[in-house]
Amino acid sequence: MSSTRGPARRRWPGLRRDAPYLWFVLPAVVLYGYFFALPVLQAFQYALTDWDGVSPDYDMVGLDNLTRAVSDDSLFTNALTNNLTFLLTVVVVQTLVSLLLAVLLVRNSRSSTFLRALYFVPAILSSVSVAFIWSFIYEPGDGLLNQAWSAIGLDGMRSSYLGEPGMAIVYVGLVQAWAHIGQLMIIFIAGLQQIPGELYEAADLDGAGRWGRFRHVTWPLIAPATAIVVSYTTIQSFKAFDLILGMSGNPPSRSLDILSTRLYTTYSDSELGYAAAQSILFMVIIAAVTVLQRRALRLTRQEG
Amino acid sequence: MPGTPALARRAILGVYALIIVVPLLVVVLGAFKSRRQLVDSPLGVPTSPTADNLTRVLSTQSMGDAFLNSVIVTGVAVLVSLFLSSLAAFGLARIRGRWGWVVFAFLVAGLAVPAQTAIVPQYVLWRQLGLLNSLTGLVIAEVVVTLPVAVFILTGFMRTLPPELFEAASIDGASPWRTYRSVVLPLSRPSLAAAAIFLFVITWNDLLYPLLFVSTPDKRTLPLVLLGFKGEFLTDYPVLFTGVLIASAPLVVIYVFLQRYFVAGLTAGSSR
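Residue numbers (this note's numbering), protein chains in the order written: chain A, 147 to 450; chain B, 4 to 275.
Hints are computed from structural coordinates only; laboratory data are not their basis. Some hints could be false.
[Unchecked claim] Here chain A is said to cover these stretches of chain B; the calculated rule only asks that three of the stretch's residues, wherever they fall, bring their Cβ under 8 Å from a Cβ of chain A:
no., segment
1, 71–78
2, 82–93
3, 104–116
4, 134–142
5, 161–170
6, 186–197
7, 200–208
From the three backbone atoms N, C-alpha and C, an ideal C-beta is built for every residue, glycine too.
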């Protein structure tokens, strides 16, 4: 490009310099665009139809699919309620337990390193495997947990777990937390190790106790790590598709149905247009939850 | 009472260790027990270890095929995804104009969008291209779903490489491709390893795409076969546990030997 092409160069400053590197980016962009980004956009188009996926013709139904999901489909609203309960259980349990363990294992010693590695193990197993393990633990008859309650004389604690309509999804939330606490603990440990020791010394001089140290030094300074953990956990809770299918079977029971499994079931029932509409609502719901969480986290940080 | 916090710490860590170990132990031991034995003493050492469960799992035929399919799909998908994402990451680390950020944002936005949102149009696309019931179709799906996280991890690393390095390479007359191959790739080995492990875990364990795109028995992967066990063997837990052991064995072996990459990879993948 010669200097006589002045205006063009001003509009794209540095293009000549960057051009060779754009070729490196191209294969990933094309593949990802064609096989993922484009389908996401097409979902909006499908959502306006009643296509079953097979027949050559279909009708445009406008926003009927969306109104059906929001106001006329108890299966969808049930899945949404379950998903929010699941999300809440997982975010609370996973964040608190992994933070607690991180605080206890923050110092590098041989025993800490060993325990970190041990706690991490469930994160490498497939969700289907994890689901089978916990199906046995939650077996209503002589599952591991019921046997344990009986062994320590607490027969009153025996339960049918996944057979309890209101609580089933909470029990599965605990399984999800079990599988990922070790992984999130590592993120918290990395965050904790960046807090300068002098701050704790200053807190000690001010006469802060254990709780004071945590409240005024650790908690405010760990906020970035907390934000990462919470947003990761949130996306995970919406993605928890294999865990649900593994624990409940395919299609899942009503009490364990969440949004991702619901939209998959709708798709399996050959209601492609309706499933596409559900996937759009799914995206909107995730975006809304993420925005709300960001606000809430910012508020707690300002307080701290 | 100086001893109390230390004691409480030990108690919490010990209890949590049990919460992790006991379920895993039940699975490993249970795979060699009869159903009766598993219920009677879930934590006991198998008194008369049996290979029946293994025989039953292997006699379903699908397990051998599934293992091979999983190895092929995971192996190819991880390599392709790593290659494409390392190219992209190198490009993104070198691009100075604003479009660098646009492309990065486009590729990484996939991290916030669950794969399930695209399944309906994807199914139609895969069908049009004749990619249903084929390992190629699965590889493409897995590459696409792992690209965002791989680009994220590798770009993060490559942006930390000193600019002088690239200047030195270009003064020596190295082309961008040469710089990528001979300078950047060798330096990126640790982060490539971490990304590889992260992608390996995601791809090996993925259930969604096999479930969507595979209906013929000979193209099924391990998680799909494992899920089928639940319908086939119902509550025959020793058989289910044997399936879990077979499906998890490769990951556990890799974890034991490459633990530090595992932790680095799974953590980098979630820090965003």
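Here is what the structure says about each hint:
{"no.": "1", "hint": "71–78", "verdict": "violated (count 0)"}
{"no.": "2", "hint": "82–93", "verdict": "holds (count 5)"}
{"no.": "3", "hint": "104–116", "verdict": "holds (count 7)"}
{"no.": "4", "hint": "134–142", "verdict": "violated (count 0)"}
{"no.": "5", "hint": "161–170", "verdict": "violated (count 0)"}
{"no.": "6", "hint": "186–197", "verdict": "violated (count 0)"}
{"no.": "7", "hint": "200–208", "verdict": "holds (count 3)"}
When each numbered hint is compared with the structure, violations occur for hints 1, 4, 5, 6.
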